[in-house]
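Each chain, letter by letter, is given below.
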Amino acid sequence: MTDPTVRPSPGGGEGDGGRSNMKIVPVRHPGRWVASAVILVLAAMLINTMFFSHVTRGGVREGRYQWGVVGKYLFAAPIFRGIVVTLELTVIAMVVGIVFGIVLAVMRLSPNWLLSGSAWIYIWFFRGTPVLVQIIFWYEGISYLYPHLGFGIPFATPFVNVNANVLVTSFTAGALGLSFNEGAYMAEIVRAGIISVDEGQTEAAQSLGMAKFQTMRRIVLPQAMRVIIPPTGNETISMLKTTSLVYAIALADLFTAATNISNTNYEVVPLLLVASLWYLFFTSLLTVGQYYVERYYARGSTRALPPTPIQRIRQSFFHVRIKPVPAMADAPWLAPHE
Amino acid sequence: MVRATQVHKSFGRLDVLRGIDLVVNPGEVLCLIGPSGSGKSTFLRCINHLEKIDGGELAVDGELVGYRRSGDRLYELKDREVCGKRAEIGMVFQRFNLFPHMSVLDNVMAGPVRVKRESSSTARDRAVRLLERVGLADKVKSYPNQLSGGQQQRVAIARALAMEPKLMLFDEPTSALDPELVGDVLDVMRGLAEEGMTMIVVTHEMGFAREVGDTLVFMDGGVVVESGDPRAVLTAPQHERTKSFLSKVL
Ligand SMILES: Nc1ncnc2c1ncn2[C@@H]1O[C@H](COP(=O)(O)OP(=O)(O)O)[C@@H](O)[C@H]1O
Ligand SMILES: [Mg+2]
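If you read the sequences in order, they're chains R and S.
If you're matching positions, the first sequence starts at 1 in the numbering used here and goes up one per residue.
If you're matching positions, the second sequence starts at 339 in the numbering used here and goes up one per residue.
Hints were generated in silico from the structure; no laboratory data involved.
Just so you know, these numbers come straight off a predicted model, no measurement behind them.
Beta carbons are placed, not taken as given, at the ideal position from N, Cα and C, and that holds for glycine.
Be a bit skeptical, because a hint or two may be false.
[To be verified] Non-contacting residues of chain R with respect to chain S, defined by C-beta distances greater than 10 angstroms in every case (computed): (1) Leu-42; (2) Ser-244; (3) Phe-281.
[Claimed, not checked] Derived lysine to any residue pairs resembling SDA-like cross-links, with alpha carbons at most 20 angstroms apart: (4) S:Lys-390 x R:Gly-200; (5) S:Lys-504 x R:Glu-203; (6) S:Lys-390 x R:Ser-110; (7) R:Lys-212 x S:Arg-452; (8) R:Lys-212 x S:Lys-423; (9) R:Lys-241 x R:Pro-231; (10) S:Lys-423 x R:Thr-215; (11) S:Lys-423 x R:Glu-203; (12) R:Lys-72 x R:His-54; (13) S:Lys-416 x R:Thr-215; (14) S:Lys-454 x R:Arg-217.
[As the list claims (entries may be wrong)] Here are some, though not all, of the chain R residues that point toward chain S, as calculated from beta-carbon distances under 10 angstroms: (15) Gln-201; (16) Ala-204; (17) Ala-205; (18) Gln-206; (19) Leu-208; (20) Gly-209; (21) Met-210; (22) Gln-214; (23) Arg-218; (24) Ile-219; (25) Gln-223; (26) Met-225.
One chain only, chain R, in its complex shape:
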């Protein structure tokens, strides 16, 4: 290879006075070099402290970050049980939140003021109070306010009576608190998505004879998805971490499990690292998933989708020419891929 900073100019007509034979000196960026050097030094210092330095705590000299302890607990059984609870709460809260969000968004856009008004009040309440308070409220408040939950005809003697303490376990309280709160946020996200779809779409669907529900389900929502997906991905990532608030009602999620261990062995920081590493692992998975879901819903909005990172890597390593994928053939399960 020749010196990459010296390239012949791509031009070379008569008009440019033989410039094609001259060296081109690119602009130098000394500031960038200084900044890069500073960052590299800081990174080296950090890595040194993380992996190669020791400290003396309580008279014992030990590794600064205690990676041995982290490794010992990273795959411990209580941590795994905590992960399961965290993932369950995340999935339940997001699924219920999205369903609530769609229903509330459609209600808010309804011309009926009772429907739009009640959706507005729901959102006002659940967005206006801290989710931590809501979680504790589901756990403590329901059995305090309504110790006996009756099911039957309104205002008549109920057929079935349940003790609220039985019904509202810490898991249900956590799931309810997170779900109802998420519903309020998702409602606003879905509403923004619905509004973003051109009214001509509704009109075209209706002129074919589609009912309101069909129009929403088949025409408006699929198009609204393009606007709905990115913030929903953020919400999911945020939810994965927000589940740790169930610590307050002693529900053994990932964070609580890690804390429970450190409460007995006093290895507080290593166990926080264990929890953090797992949270990072799952948020990374979600980030990748979000990228592909976004691509899927971009069908029909861009003429050709850019290659995925994996395709890009294949392209540069193996010099495979990948044709720009037409937007429709993007999802491999929809169209066969050569």
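Here the structure of chain R is known, so what remains is to put chain S with the ligands in place on it, guided by the hints.
Chain S with the ligands only, in chain R's frame:
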């Protein structure tokens, strides 16, 4: 097929339609012209139950739009009944309004499959036939944004025809097209007219109105100012407003 008697429609305090009278017979092609804001789109939307009329009577195929007469009472139609009526009327929009997230084929199949609950093989056969007819057999798998405006509008016509409507409404179908693409769309519409489709066409294409139209209606300020044989209206308009409008567009 369509009978309008003193149709009124207002948005708030704005009177858009102020007593429209007109009749469209089966198989007739009625071209509707008039200045912007004169209520042409609103009138088409009323026929297709997309707007409720405030006064007068509007009937399609002998049945009132929006109401069912029983004895001396008018009952407002339920949503489901309204959908049934709309399914019998095809509508083509200025801005095409194709469904961008569906392939061309799915756009044309959407109505029959979702509304008429047709099997997808029946719907697909018809969709392919209609797309051939509008000259887009090779585009079935494309998405709308991969087509030119003229192609999109022809898909939109095929989509409306897939419901086998008894009446077709066109709201300025060529106004958003580049001039060289207008011809293909007008050809499709001419073919439809020759097959005896009843059509109401809002258009500024006076050539089309003259050749294909059976009646030309000039609307202004929410009323029908003048109507008659297109050649007669275009060459010898009777009213001052028609004259001045035509002098601007011809
Ligand atoms: N949904 C609506 N709400 C309020 N005003 C409307 C609405 N639709 C149309 N209009 C008004 O009605 C008038 C007639 O509109 P339109 O029927 O679209 O006219 P044209 O199609 O002849 O140009 C315009 O002044 C327009 O602003
Ligand atoms: Mg109009």
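Hints versus structure:
no.	hint	in the structure
1	Leu-42	47 angstroms, holds
2	Ser-244	37 angstroms, holds
3	Phe-281	33 angstroms, holds
4	S:Lys-390 x R:Gly-200	18 angstroms, holds
5	S:Lys-504 x R:Glu-203	19 angstroms, holds
6	S:Lys-390 x R:Ser-110	18 angstroms, holds
7	R:Lys-212 x S:Arg-452	12 angstroms, holds
8	R:Lys-212 x S:Lys-423	14 angstroms, holds
9	R:Lys-241 x R:Pro-231	16 angstroms, holds
10	S:Lys-423 x R:Thr-215	16 angstroms, holds
11	S:Lys-423 x R:Glu-203	14 angstroms, holds
12	R:Lys-72 x R:His-54	19 angstroms, holds
13	S:Lys-416 x R:Thr-215	17 angstroms, holds
14	S:Lys-454 x R:Arg-217	17 angstroms, holds
15	Gln-201	6 angstroms, holds
16	Ala-204	4 angstroms, holds
17	Ala-205	8 angstroms, holds
18	Gln-206	6 angstroms, holds
19	Leu-208	4 angstroms, holds
20	Gly-209	3 angstroms, holds
21	Met-210	6 angstroms, holds
22	Gln-214	6 angstroms, holds
23	Arg-218	6 angstroms, holds
24	Ile-219	6 angstroms, holds
25	Gln-223	6 angstroms, holds
26	Met-225	8 angstroms, holds
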